[in-house]
Every structure is written in C-alpha cells, then in structure tokens.
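> Sequence:
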Amino acid sequence: MRKILYFIELSRPINGLIAFISVFLGALLASNSLLSLANVSIVAVAAFLIISAGNALNDFCDVKIDKINKPKRPIPSGRITRKEALTFSVILLEIGTCMGMLVGLTAFLIAFSVSVCLAFYAIWLKRTPLAGNIVVGLLTALIFISGGVAVNSLSGTIIPAIFAFLFTTAREIVKDIEDIEGDQRAGAKTTPIFWGSRVSMYLIFIFMASVIVFSPIPYLAHLYSWKYLIAVVLGVDCFLCYCIASLWKNLSRKNVARIQKLMKLDIFVGLGAMFLR
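Numbering of the sequence shown is given in the numbering used here, commencing with residue 22 and proceeding in unit increments.
Note that these hints are calculated values from the structure, not bench results.
It is possible that part of the hints are untrue.
Stated by the list, open to error - Think about it this way: if two alpha-carbon atoms lie no more than 27 Å apart in a straight line, the pair counts; the simulated BS3-like pairs of lysine-lysine are:
no. : residue 1 : residue 2
1   : K282      : K248
2   : K104      : K85
3   : K93       : K210
4   : K93       : K248
5   : K24       : K85
6   : K248      : K104
7   : K93       : K285
8   : K282      : K24
Please work from the sequences and hints to get the whole structure.
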C-alpha cells in the first residue's frame with residue numbers, strides 16, 4: 022500500500038488533475054456542451070496519465086539534481102528505485118498514447134507527439150536555456166487543444182492555449198531559478214544558469230506581463246463575459262503583479278519556491294475564470 026502512495030507522489034497528481042480539468046475546459050469552450058462526453062473523458066484520462074508519466078520520467082533523469090534540490094522526493098529518498106520509476110513511466114505513456122487511438126487518429130497523434138516530446142524534454146531539453154521552458158509551455162497549451170479535438174472543434178481553444186503557454190513558461194523559468202543550485206552541480210544549462218537570474222527575471226516579467234495585457238482581450242472582443250473579466254483581473258492579473266514585485270525584490274530560493282507554488286494554485290483560479298466566460 023505504501024508503495025502505491027509513493028508512485029502517486031512520484032506522478033505529482035496535482036499536475037495531472039490540472040491537465041484533466043484543462044481537457045474538459047477546452048472541450049467545453051470548443052463546443053459549449055459536452056455531448057461527446059465519452060471522447061472527452063478518454064482524452065482527459067490520457068492527458069492525466071501522460072503528464073504523470075512525464076513527471077516520473079523527469080525524476081528518473083534528474084535523480085542527481087533532486088538529491089540536492091528535492092531530496093525528499095521518492096527516488097532520491099530511496100522509496101522508489103530508478104528502474105521502478107522508469108517502468109512506471111513507460112507503462113503510463115503507453116496506456117495514455119493508446120487511449121488516444123480510441124478517439125481518433127488526430128487524438129492519437131497528439132498523444133504520441135506529447136509523449137515523445139516529454140521524453141525528449143526530460144532527457145535533454147530540460148537542461149537547455151529557455152527552449153525547455155518554451156516546450157513545456159507549448160505542451161501545456163496543447164492540452165486545451167486536445168479537448169477541442171475530442172469534440173471535433175478547435176474554435177474556442179486558442180485563447181486558453183495562449184494563456185497556458187504564457188503562464189506556464191513564466192512558471193517554468195521561476196522553477197529553474199529555484200533549482201539553480203542542483204542544476205549547476207549537474208552541469209545543466211538552464212535559463213538562469215546560462216543567462217543569469219536577472220535576465221531570467223526580465224523574461225519572467227515579459228511572459229507575466231503578456232498574460233496581464235492579453236487577459237482583457239477576450240472580453241473586449243465580446244467572446245467572454247464581464248464575470249470572466251472580474252475573475253481574471255482580480256484572481257490572475259493582480260496576483261501576477263504581486264509575483265513580479267515579490268521576485269524583483271527577493272530572488273532567494275525560499276521566496277522563489279513560495280511564488281512558484283502559489284502560481285500552481287493560481288492555475289485553478291485561471292481555469293475557473295474561463296469557466297465563467
């Protein structure tokens with residue numbers, strides 16, 4: 022029983038839950054209904070499994086880094102072996118990818134492409150400046166589009182996809198600043214290591230400011246309602262302004278870790294704002 026809990030911890034289920042909800046939101050925004058509930062559910066579960074597999078594969082590849090940055094995680098703490106983590110990841114990737122076939126060729130190709138990209142990211146791209154951050158942002162955006170694929174309509178998925186890309190890319194750079202010590206010892210060339218924390222802060226500012234600037238456009242274009250506008254301004258824009266100010270003043274590991282965790286929670290606020298559209 023404990024081993025099962027360790028595997029759940031390894032998969033980081035909150036990330037999978039965000040992906041699961043995002044698929045349903047993408048489908049709802051694309052069709053204004055969930056008539057293809059079976060297809061949407063299949064894609065949502067597939068997204069959950071593939072994201073969980075990606076997290077496990079990351080930990081498999083980052084064991085040396087995590088011994089410094091995240092020593093309490095299942096692999097560096099010795100609760101799960103690297104072989105077990107790899108097997109777990111491969112099984113989830115295979116199941117998630119095959120589930121895409123149940124919906125159609127497009128869904129399968131997306132699931133397969135995401136699985137390949139996640140593996141490529143974990144093995145190599147994660148340790149390259151900015152490129153790895155952007156890839157994660159693009160893959161997160163693709164989750165909303167996959168929700169549209171499940172209902173055979175991509176209209177309505179572009180707006181949340183843009184939000185997801187900008188917000189996630191900013192958060193990924195924040196996470197890189199948090200993990201700079203372990204990444205340096207492992208010889209990784211992440212964004213803050215390659216360009217420095219201050220340049221990384223400028224990039225974070227650009228992506229966060231882009232979210233703030235873009236957020237009222239769906240309302241101004243008469244695509245979303247005033248309820249969305251209030252929720253996104255108060256729940257996301259004001260929060261991002263706080264993040265920018267806090268990080269600008271204090272780039273200590275403790276503060277950066279706090280901000281990136283708050284950003285993960287704020288993702289649910291952003292999803293809720295779009296549900297209110």
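> Indicate, hint by hint, whether the structure satisfies it.
Going through the hints against the structure:
1. K282 to K248: holds, 26 Å
2. K104 to K85: Holds. K104 to K85 sits at ~15 Å (cutoff 27 Å).
3. K93 to K210: Distance ~24 Å between K93 and K210 Cα, so the pair holds.
4. K93 to K248: Roughly 41 Å between the alpha carbons, so the hint for K93 and K248 is violated.
5. K24 to K85: Judged against 27 Å, a Cα distance of about 22 Å means the pair holds.
6. K248 to K104: The hint is violated at about 49 Å.
7. K93 to K285: Cα-Cα ~20 Å, so holds.
8. K282 to K24: holds, 26 Å
In this structure, the earlier hints numbered 4, 6 are contradicted, and the remaining ones agree with it.
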